[in-house]
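2 protein chains.
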Amino acid sequence: MIKKFDFDKFKSPYGKAKRTELGESLAKLQRLVKSKKVPVLIIIDGWESSGKGYVLNDLIRELDPRSYKVSVFEKPKDEEKERSFLWRFWSKIPKKGDIAIYDRSFYYKVMSQLNIEPDELKRDIKDISSIEKQLIDDGTIIIKYFLHIKEKTQKDRIHELREHKYSEFMVTHRDIEQNDYYEDFCNHFDNILKLSSFKYSRWNIISGENLKTASKAILGTTIDLIQEGLERLEAKGDNCREYIRKYEVKARPLNNVDLSLTIKQDYYESKLKKLQKEAQKVAYKLYTKGIPGLIVFEGMDASGKGGAIQRLTGYMDPRGYCVIPTSAPDETERQYHYLWRFYRDFPAKGNITIFDRSWYGRVLVERIEGFADVREWDRAYEEINHMEKHLHNFGTFIIKFLIYIDKDEQLRRFKDREKESDKAYKITSEDWRNREKWDSYIEAMNEMLVRTDTEYAPWIIVEGQDKKYARIKVLQEFIKHAKSYLD
Amino acid sequence: MIKKFDFDKFKSPYGKAKRTELGESLAKLQRLVKSKKVPVLIIIDGWESSGKGYVLNDLIRELDPRSYKVSVFEKPKDEEKERSFLWRFWSKIPKKGDIAIYDRSFYYKVMSQLNIEPDELKRDIKDISSIEKQLIDDGTIIIKYFLHIKEKTQKDRIHELREHKYSEFMVTHRDIEQNDYYEDFCNHFDNILKLSSFKYSRWNIISGENLKTASKAILGTTIDLIQEGLERLEAKGDNCREYIRKYEVKARPLNNVDLSLTIKQDYYESKLKKLQKEAQKVAYKLYTKGIPGLIVFEGMDASGKGGAIQRLTGYMDPRGYCVIPTSAPDETERQYHYLWRFYRDFPAKGNITIFDRSWYGRVLVERIEGFADVREWDRAYEEINHMEKHLHNFGTFIIKFLIYIDKDEQLRRFKDREKESDKAYKITSEDWRNREKWDSYIEAMNEMLVRTDTEYAPWIIVEGQDKKYARIKVLQEFIKHAKSYLD
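Sequence order for the protein chains is A and B.
Quick note on this note's numbering: the first sequence kicks off at 1 and runs consecutively.
Quick note on this note's numbering: the second sequence kicks off at 1 and runs consecutively.
If you're looking for bench data, these hints aren't it; they were derived computationally from the structure.
Take these hints with a grain of salt, some might be off.
[What the hints assert, rightly or not] Listed below are the simulated DSS-like cross-link pairs for lysine-lysine, each with C-alpha atoms no more than 30 Å apart in a straight line:
hint, chain 1, residue 1, chain 2, residue 2
1, A, K9, A, K95
2, A, K277, B, K18
3, A, K271, A, K467
4, A, K212, B, K18
5, A, K109, B, K77
6, A, K389, A, K246
[Stated by the list, open to error] Computed footprint of chain A on chain B, listed as stretches where at least three residues anywhere in the stretch have a Cβ under 8 Å from a Cβ of chain A:
hint, region
7, 297 to 311
8, 327 to 337
Everything numeric in this text was worked out from a predicted model, so none of it was measured.
Note that the Cβ used here is the ideal one computed from N, Cα and C, for glycine as well.
Modelling step: build the complete structure from the supplied sequences, incorporating the hints.
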C-alpha cells in the first residue's frame, strides 16, 4: 500500500478542477445525503504532520456546519481508557443524513503500537472490520484516507512547527518517534492498511507532499465515493425482495425447560442473604481487579426480571453497578445504528452494568413487530456476537439471563398486578398486545438462544415460574460465572 | 451547623424502627414518586471516612434498581476538568420519576478548597443555589445530608482501613489531610453548610459515629422529606391559576432595527475572506488560551442563521468548533429539566460551540406554543441569566446573535426555497404555521432581548434583510467581542 508508493507518480484526476468548485459540488451532495438520510463516515488517518488538519479544513469549507461533525481522536482520555478501544468511536458515528469526519480513527490503537503482537493485531483488525461492516450494512458510506509523506518531508514539517512559538506545542513525542523510526512505522502502517482495506471501505492513499493537491484529491475522491455509495444503496433497495434466510431450526432450548422447579420459603430465606453477601464480595473483587461486568436480562413481561435484579444487587455497593432499563429507542436513538445507544452505557473497568432488556430487542420485539426487516434482524445475531466478542477481548465478564415463564403464569401475574394499586402502572395495554404474540416470541427466543449462546457470553435459561427459585438461580449463576473470571 | 454539634445528643426519631421496615416504606414511596413522575435528588456529602458508602448501601437496599441511579463524584476527570464545576452534575440530575443519589455533590469543589477566597466561595455558592433553585422550581425534591464525625473517629477509621489489604487503597491523601487539619476543615464546612442551607434544600446533619443509627436516620428523614416534598408539589399545583406576571414592556428593541442596511457585492467579496481569516486567528487564540466559546444564533425561520454560521466558521479549524442544531426535545430530553440537554454540548476549554437555536426556545417557541406554562417561561429569563453567568465565571466567552428579517422577506425566501429542488426539504408545514404567529414571536423576542442582554452574554441584533450584510456583521461582532477576551 504505502511501502512501494511512488510519490512522483501520484497525480490526482482532480488536479485541474478548482477547489471551490469541488467544495460546492460536495456541498450539493451533502444536501442530497441529508434528504436521503444516509450517514457518511469519512476517516482521515495518516502520518503525524502529514497535513490531516489542512485537508480536513479544505474538505468542510463549503459544507453546512449543521450536518457534519468533526471528531478528533487523540490519546485516550480517562473515561476512554476505562473502556474497550472502539467505545469512543461508537459514540461519534454519524446519524442518518449527517457526515462524521474522524481525524484519526478506529486504527489509532494498532497504528500507535509499533510492536503489537501479531495475534493482538489480528484480533483488533477483526473487531474493526466488524464495526465497519455493521455500519455499511446499516447503510453508512465509509470513506478512508491515509495521508502519506516522505521521511524527509515529515522531518522538515516537524522542524518548521517547532520553530514557531504558536505551533510548537503541536509537536508531540509521537511525531518525533515516528520520524526516528520512519521505516519501521512505514512497514507497520503498510501491514495494517493491507489487512484493513475491505471491500466497501478500502483505503485511499493520498500523497501529502503537496497539500493543495492532496486536498483536491480528497475532495474529488469523496465526491466520487459518496456518489458510488448512493448508487450502491439504491441498487440494494431494489434487491430487497430476494432475501432467503439460511437458518434451520435444529433446537428449541425452551422446550426442555422444567417449569415445575420450586423451592420452599424457608430454604429461600436461609439462602438469599448468604448468596447476596457472596455476590457483594464477588462484585467487589471484580472491582478491585478492574474487570468490567455486563449482565443482561431478557424475558416476557412479568417474568420477574425486576425482582431478580433487585435481589442480585441487594448487597452490592451501588457505587459500582448501574441498572439500565431499556425501552423502545427514542427519536434521537432511532437516528443511529441500533447498537449505538447501548455502547453509551457499557461499564468502565471494575463496574457492572445490568441491562433490563437489551440489544436483543433487535431479534425479539423488532423482529416480531417488523421494526427491523428480515435482513436486518437476521444479520443481527452475528453483529451481536461480534460486539460481545469485542467486549470480551477487552476483559469484560458477560452473562445473559433469560427468565422463562409460561402463558398461564403470565396471565396470573398480570391480574395480580392490576389488583395491587401501586403496581398497576406496570401493566399497560402494550403488555396485553405482546401477549397475543406469545408463540412468535417463543420462536424468536429459541433462535436467539441457539445463535448467540457463546463461550464468552453465555445464556442462562432461568426457570421463572417460581420467583424464589429464579432469584436464587440468578444469584448462584452470577457468582459461579464471575468467579471463573477471578481465578 | 456542625461546629457546635452535640454528638451525644444526636438521636434519630427513627431509632426504634426496624431498618427493613424503613427500607420497605421507602420502596413504596419510590413507586409513588415514579407514578407521579417526580424527580428526587438525594445528596450524601460529609467527611472522608464518615460512612457515606455504608449509609448509601442501606438507603437503596429495598429500592427498585431500575429507577434510581447512584453517581459518585471524585476528583474531576479529564473531560470534567475542561468544563465549569457544575457541568458534571448536570449530566446526572434525575429524570422524572427517578431518584438520583449523589455520593459527594455540587459542593465538592468548595469543600475541597480549604483556602478558597471568600469571593470565589460566594460566587460558587450562588451558582449552586441557582441550580438547586432551578431544579426545585422544576418540581425536583432535593434532600441534602452531611455526615459528621469526630476527629478521633475519623482517625480510627482511616487507621482501620489502612490495616487491611483490601481497603488500603481507599485511603487517599485527602482523608489524611482532612484529619490533620480537622479543626480548619470543620470551620470551613460549617461555613459552607451555613451559606447553603436553603429554604427547600436545607442540610440535614447526621452523626456518623454510629453507622446503624446514621443509616436509620437517613432512611427515616428521606421518607419524611419525600412526603413533605410531594405535599408541597401538590399544593403548588393548586395555586397555579393565581400567577401574575411582573414584566412591564418598556422597550421593544426590534422596533429600532434598520432593515434597509445593505452592502454591495464587491464590498462583500473583498471583505468576507479577510474577516474569515481573522475569525480563524481569533478562534485559534481562544484555543491556545484555553478559553471556551459559546455562540448562540436565534432568528425566525429562513432568517439566514445557517448561512451566517457557515461564513463564520468558513476558515476556522473544524477540530476546534462544533455546531449544534437545536430542534424540539426528544422523548428522553423531555424527561429532564429543559437546560439538561444543552449542558451536554457546552464547550471544553479552548473549543467553540455554536448553537443554531438554543435554550432560548424556552422563552420563544415553548412560550408561544404553550409547551411551557407562564410560570415556567417567566422564570426562565433569570434561570438562563444564571446559567450564562456560571459559564462566564468559568471564563467562557459568550455572544448571542438574533438575526432579524421582516415578514415579507421571509415569504420571499420560503418561495425561493420551494423552487430550489435541493433546498425544498428546508421548508416544512411547521414553518408556515410558525409564520402565522409572527407577531407573538416578535413580542417574545423583544422581551428576551430586554431581559437576557447582559454584560457577560450580550445580544447582538443582526439586520438580516440583506444576507451579505448580516454575514459580515456576524463576523465583525464575533471578532470584536472575542478580542476583548484575548487582551
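Structure-based check of all given hints:
{"no.": "1", "hint": "A:K9 x A:K95", "result": "violated, 37 Å"}
{"no.": "2", "hint": "A:K277 x B:K18", "result": "holds, 20 Å"}
{"no.": "3", "hint": "A:K271 x A:K467", "result": "holds, 14 Å"}
{"no.": "4", "hint": "A:K212 x B:K18", "result": "violated, 76 Å"}
{"no.": "5", "hint": "A:K109 x B:K77", "result": "holds, 21 Å"}
{"no.": "6", "hint": "A:K389 x A:K246", "result": "holds, 23 Å"}
{"no.": "7", "hint": "297 to 311", "result": "holds (count 3)"}
{"no.": "8", "hint": "327 to 337", "result": "holds (count 4)"}
In terms of the numbered hints stated before, the structure departs from hints 1, 4, listed from lowest to highest.
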